[in-house]
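With chain G's structure known, arrange chain A on it following the hints.
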Amino acid sequence: MNRQCTGHEASVDMPRRELLSRFGMGLGSLALAEMLSPPGAQAAPGESVAADKLPDEAGVLKSLHFPARAKRVIFLFQAGGPSQLDLFDHKPLLKVKHGTELPDEIRQGQRLTGMSGNQSSLPLASSPFAFQQHGESGAWLSELLPHTASVADDLCIIRSVNTEAINHGPAVTFVQTGTQFPGRPSIGAWLSYGLGTDNANLPAFVVMVTKDKGGQPLLSRLWGSGFLPSKHQGVRFRSGKDPVLYLSNPDGIDADGRRDMLDALRRLHELQLTQQSDPLIETRISQYELAYRMQMSIPEATDLSDEPAHIFDEYGEDARNPGTYAANCLLARRLAERGVRFIQLYHQGWDQHGGLRKGIHRQCLETDQASAALVRDLKRRGMLEDTLVVWGGEFGRTNYCQGKLQGDNFGRDHHPRCFSMWMAGGGVRPGMTYGETDPYGYNIAENPVPIHDVQATLMHLLGIDHERLTFKYQGRRFRLTDVHGNVVDDILA
Amino acid sequence: MSRFSILCLLLSATAHAADPQPVSFHFDVNPLLSDRCYTCHGPDKESLEADLRLDRADGIASVVTAGNTEASELYRRITSSDPDERMPPPDSGLLLTPAETDVLRRWIEQGAESTGHWAFAPPRKVPAPQEEGTTWARNEIDRFVLRRLRDAGLSPAAEASRERLIRRVTFDLTGLPPTIEEVDAFLADDSAEAYERVVDRLLASEHYGERMAGEWLDVARYSDTYGYQVDRDRFVWPWRDWVIRAFNRNLPYDQFITEQLAGDLLPAATDDQILATTFCRLHPQKVEGGSTPEEFRIEYVSDRTQTVATAFLGLTLECARCHEHKYDPITQAEYYQLTAFFDNIDEAGLYSYFTQSVPTPTLVLADEPTKEQLAGLRADVTSAEQRLAEIAAEQRASFDRWLETARGKSGEQAPTELAPGEIAHLDFEGEIAAPNTATAGPVGQAVRLTGDDAVPLEVGNFHRFEPFSVALWMNTPDHKERAVVYHRSRAWTDAGSRGYELLIEDGRLSAALIHFWPGNAIRVRTTRPIAVGEWLHVAVTYDGSSRAEGLRIFINGEMAPVDIIRDELHKEITGGGGDNITIGERMRDRGFTGGMVDEFRVFTRRLTPLEVSHLYQGNRLTELLGKPVGQLDDAERAQLFEYHLSTANSDYEGQLTETKRAREALANAQNAAQEIMVMRELDKPRQTFLLQRGRYDARGEPVLAQTPAAFPPFPEDAPQNRLGLARWLTSDEQPLTARVTINRYWQMVFGAGLVRTPEDFGSQGQSPTHPDLLDWLARDFADRGWDVKRLLKQMVMSSTYRQSSHVSEETVGTDPENRLWSRASSYRLPAEMLRDAALATSGLLVERIGGPPAKPYEVEVSFKPTKPDTGEGLFRRSLYTYWKRTGPAPVMMTLDASKRDVCRVRRERTSSPLQAFVMMNGPQFVEASRLLAEHLMREHGEDNATLLTDMFRRLTSRRPSEPEIAILTQLAETQQARFAAAPEQASALLKIGASPHSESLDAVRLAALTVVANTILNFDESITRR
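Chains as they are written, first to last, in my numbering: chain G, 1 to 493; chain A, 494 to 1519.
So here's chain G without its partners, still in its complex pose (with noise of 0.2 Å):
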């Protein structure tokens, strides 16, 4: 109902929370709770909190729009730009025409970055590894991606999306927030926002990055919550002692001593409480409380000593090894199983402008693996039903060698016109690869999946229409995409 009594700031003075146990009513009292939902919410009439968790964990939708056909999600995201030229878009004719100029009817005067815009030249260059067809589905991988290829019937590789971006920053936050610019929610943040948690005791939405890896930079914002409440940010999983900022005790504090500590707290709050009422000190209790079982629930996920000796031998010995992407893939499948919402990896360093072969080749060994191991391991797990995998990066490469053709060691720039993702489970079509580019491989030639259709198709598989999970912020009602995207039904399983 009734935005008027809820407006932007409805909890300034008053959790909503606190407020209902204060009178003594269900947490899913239904009139309440949807009276005081949180600032902006936008919710549909006649919609209800679900039943069964408590407000502060759910989301703001009260119901899906469609029945979710993924609940969680892991994004693989590949930041750097990968080449689908030579890793899913086979283009035989590029052979033909290695080092010739790219024609002019082809690029059709579209703007190129700073870096190769003003070469005299733009000579087309071949990929110097060999594609061929795998699995019942016959989809072309090419040979840096032999585990790939070995899932490839599980997959739905989507060669024909594209973006506005040519350059990394704007390009990223657009594929993660749907605009180029900073200041908007990413995706994991609308999730939570709209679905809530499956687990209190762990964040909704949480990112690894692959450590040691140089190449662009990324940015916290890219896992920001912009204006939704920040809590909905997605929390950094780090690979050192602490996954989450000063999670442990410090030292010469142990379990038993902090547990005095908390002890004592409660009691100096609940004395607070018998002078005063006021739901801020119950939220403080709670907020303290829940503080403990998180530093037990995390160190329990991130701990991957349990896992057996085969686990590690499909992820790959890497996995052994914390913060690398091989390890990040299995601590996703981890988070996954115990009811982590969104869970957005990111491997740098595919911006080969230079030195493409022996990068491209580094950066593949370093994922095709894991990437392949996490499918099989959650098929096998039966989460691969609805458990969402998306890979992908911010933009492809050009179809012509940047700077000069010297040899196969040459180097490709960005190009947003076309380029590959894959997605797997949570209700996507397996063994499908959809859209077509042209044969030189520069523009779309058949269905165009632009970034806020992957994000429309995305919210979609879990259920949201999204166009419908909404935030009104400064007097509009902002959404994840914009005022853009459509479902891409083809693809849908």
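Treat the hints as calculated values from the structure; they're not laboratory data.
Heads up, a few of these hints could be off.
[As the list claims (entries may be wrong)] Some but not every residue of chain G turned toward chain A, in silico, with C-beta under 7 Å:
1) N118
2) N167
3) G183
4) S220
5) Y246
6) P250
7) D251
8) L265
9) L268
10) E270
11) L271
12) L280
13) M294
[Stated by the list, open to error] Covered stretches of chain A, going by a simulated chain G footprint (3 or more residues, C-beta under 8 Å):
14) 1152-1163
15) 1253-1265
16) 1476-1490
Think of the CB as a built atom: it goes at the ideal place given N, C-alpha and C, for glycine as much as any other residue.
Here is chain A on its own, set in the frame of chain G:
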């Protein structure tokens, strides 16, 4: 009480639906029309349906008949059961609730009054209500508040306890907790003025300026780094210190606005006033390779404009960037008219990757002695230059002698040696490195360039105080929009073009010396395009003066007429890499594709016109030097005179060396001076355009700087620039600035604004809780000279402010959101205050005001880790914490600090377990707990009860109760036992933090008390503002 009746109760307090009172168009009806109808029936002409505008009185009149719902089409539509008729359309998700429909019904029945949006009319002159029979009301604020409380059947809360009050007001005005001494002094002072004395003391404290600046940094999107992806450090903190000083000297707020927007345009602007304009440059800036500079320059201009709109007008202006505003009367053209005020500085879209140049325009930040030194050096240069001219004039006799004697010998020299100072000569005979190719040149062979392959030289790293010349033959195959003929630089935009260059721009030759393009450079460009497909002899000569007039272009031996494009060079042109001259290609720039070059020569002198002419013709010098003196005409004598001075006159040469020395000394001093980004108006205004769909490359109609028509007109006598805009913002008729400002300060002091959407005073924003009070305060503030200290004093002296925060059953039912200000607000203290309070109570806080950013422990665990400081930097107020946009201080972020990406006027307040981790486990807080324990052990010895009482008081500003002391004592004892059993645990705990722990104190007890201190630090009363 049934659930339902509570619901009704709550409803009646918040929605006017159940009120018996008349419906207000402003506060009840218009918000509904805006939120549900404007999408299709609002100001945006693009999406307008049925030609019906409900944001206009005539539009409303066309569908509403006053007093008659039956005859009102609007009412028929909102109540229709036919989905095709029903408004808003059922699939829009904007349906009206029954209560909302009822509001519209009663509005029509009551006469359907409609006026414009309340916030766009100037604040009304409203007298404060006369409330009878009360001693509660101390000032006008209280009378307005009391009137509404009484209307709602409530009475104000009792006054807060003295301990609470001093704690509250000390945090609110200085951001720090009161000391025990301050609390005691206040408790002991039973005079009527006791509280006022505290308030006056706080307002006079230097920490007041720090607290106020902290709030302003969010609005100003202050950051110590550029932001975006690469996010390098930048030097802007002197602006932050300007803000602190401005608040401490109580600069009137209209001045505060004016100086930050237009300090550079004030008559006889001081450096301090210019420094204030750094405010306009604090937006993120980009350096990522390959970006389109104009795309980002436009972004900066938009950010400046939107920041001003949010900060001073409370308008969501950015909505109008791509299309007409959907809710407020701002057209897209008006958006771009406003941006035109901020479009007019000489800036680049990208800062420099390869150099540390400060993006222009800049202010040289120099102290007085440095300024004097610079002035002295400048005078030295001027007098050396004057002396040079004098010496030239004195050399007639010497010239005549030389004409007779010395010049005869020149016949013995080879013609090419007649122009001395040559340090490089490429003749392009022999093999040409592929893929550039050989071609026929004016002298033997020449090179034809691919445009992607450079021809490097091994010379050319000139300073700007050194004269030098470059001469070459060149031939362009076509009319080039842009081509690099030669340059000395690492790159184009990636280096801010640092160095020097000869380009073809729009077919014209363009020579420049550059520190940072465009604002710190000299450039001249030929007025006419050069001939295409012809060999031209080109020479560029430079005299070492750092002035555009010292830079000349010669074509075929003649000095070419040029336009001066830039004439502002005051920093070095060396550096960045690429130290030598390169022909035909530059990183990420357009090369001289298909261009031909021959006989490329570099000289360490400024060549005279005669020498240039000689290089072109091949025998001009030989010819003139061989000509009998009597046959020389005046022009030839003049040319020879200049040649003589430059090549064969030791007096002149000596003074030339002196001049160079003076210029070098000035250049070195200028290079050493620190610069900061500021605003400086371009001499010739840049043409601003409407950008279709907000795209930088989709220019529509040209627009001029102007303010939106829906607001009071631009002052007639004001200049059409930022200064005029500042006057418009602070004029008496301006409806928003004063309201928006007092609302933000109300929010700062009372915990929430009178308008709860401080960022949006437009029709989609919330209505004020107390419209009359808002207007009264806004008028009072502007009428009394925009005096911020006075405003804050008014607020904190009020009885409304002094209320207890105690939540009674009665008020929570009637006023759950505290919209009636029926009590003081309570909320968790902001991030900075939590950390600063821990530092202050433990004695660790370094109280120095201002200075470079500090790096406390947390920067080491940010997403972009940096090394923390050692010493002082660990313990400075959080206001000074190094702010890195791509990885902001993680403790601050966890505690809901603003990210400072864009202007924010409100912070959220959340409660998450991650905050508990920071406060319980973060080294800053653990160390502070230990220091507090150490201090108290020294002060109180073995007496645990006294010690714990003092500890509790320092952290909460009140005395603990008996049961509280009992809990703490018990905790201290269990911890004592725990650490006694495991002393190594005690020493591990005590090692946390950079400050050494006292060896003389009992480690076990100290560890135990550290745990107790940390427990109290995490106690609600330490971290909650009540």
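These are the hints, each one checked on the structure:
A least Cβ separation of about 4 Å between N118 (chain G) and chain A falls short of the 7 Å threshold, and the interface hint therefore holds. At about 5 Å, the closest approach between the beta carbon of N167 (chain G) and any beta carbon in chain A falls short of 7 Å, and the interface hint on this residue holds. The beta carbon of G183 (chain G) is positioned within 7 Å of a beta carbon in chain A (closest approach about 5 Å), and the interface hint is therefore held. Residue-level restraint check for S220 (chain G) holds (minimum Cβ-Cβ distance to chain A is 4 Å; threshold 7 Å).
Because the closest C-beta pair between Y246 (chain G) and chain A is about 4 Å apart, less than 7 Å, the hint holds. The criterion of a C-beta within 7 Å of any C-beta in chain A is met by P250 (chain G), whose closest approach is roughly 5 Å, and the hint holds. Because the closest C-beta pair between D251 (chain G) and chain A is about 4 Å apart, less than 7 Å, the hint holds. With a cut of 7 Å, the hint placing L265 (chain G) at the interface with chain A holds, because the nearest CB-to-CB distance is about 5 Å.
Restraint check, L268 (chain G) versus chain A: the minimum CB separation of about 5 Å is within 7 Å; hint holds. Interface hint at E270 (chain G): violated, since its Cβ lies 10 Å from the closest Cβ of chain A, which is beyond the 7 Å cut-off. The interface hint given for L271 (chain G) is met, as the beta carbon of that residue sits about 6 Å from the closest beta carbon of chain A, less than 7 Å. At about 6 Å, the closest approach between the beta carbon of L280 (chain G) and any beta carbon in chain A falls short of 7 Å, and the interface hint on this residue holds.
At a threshold of 7 Å, the smallest CB-CB gap from M294 (chain G) to chain A is about 5 Å, leaving the interface hint in force. Coverage of the region 1152-1163 of chain A by chain G is violated in this model, with 0 residues showing a Cβ closer than 8 Å to a Cβ of that chain against a need of three. Counting residues of the region 1253-1265 of chain A whose CB falls under 8 Å from any CB of chain G gives 6; the rule of at least 3 is met. Proximity of the region 1476-1490 of chain A to chain G, defined as three or more residues with a beta carbon under 8 Å from a beta carbon of that chain, is established by the 8 residues found.
Going through the hint list in order, the structure does not satisfy hints 10 and 14.
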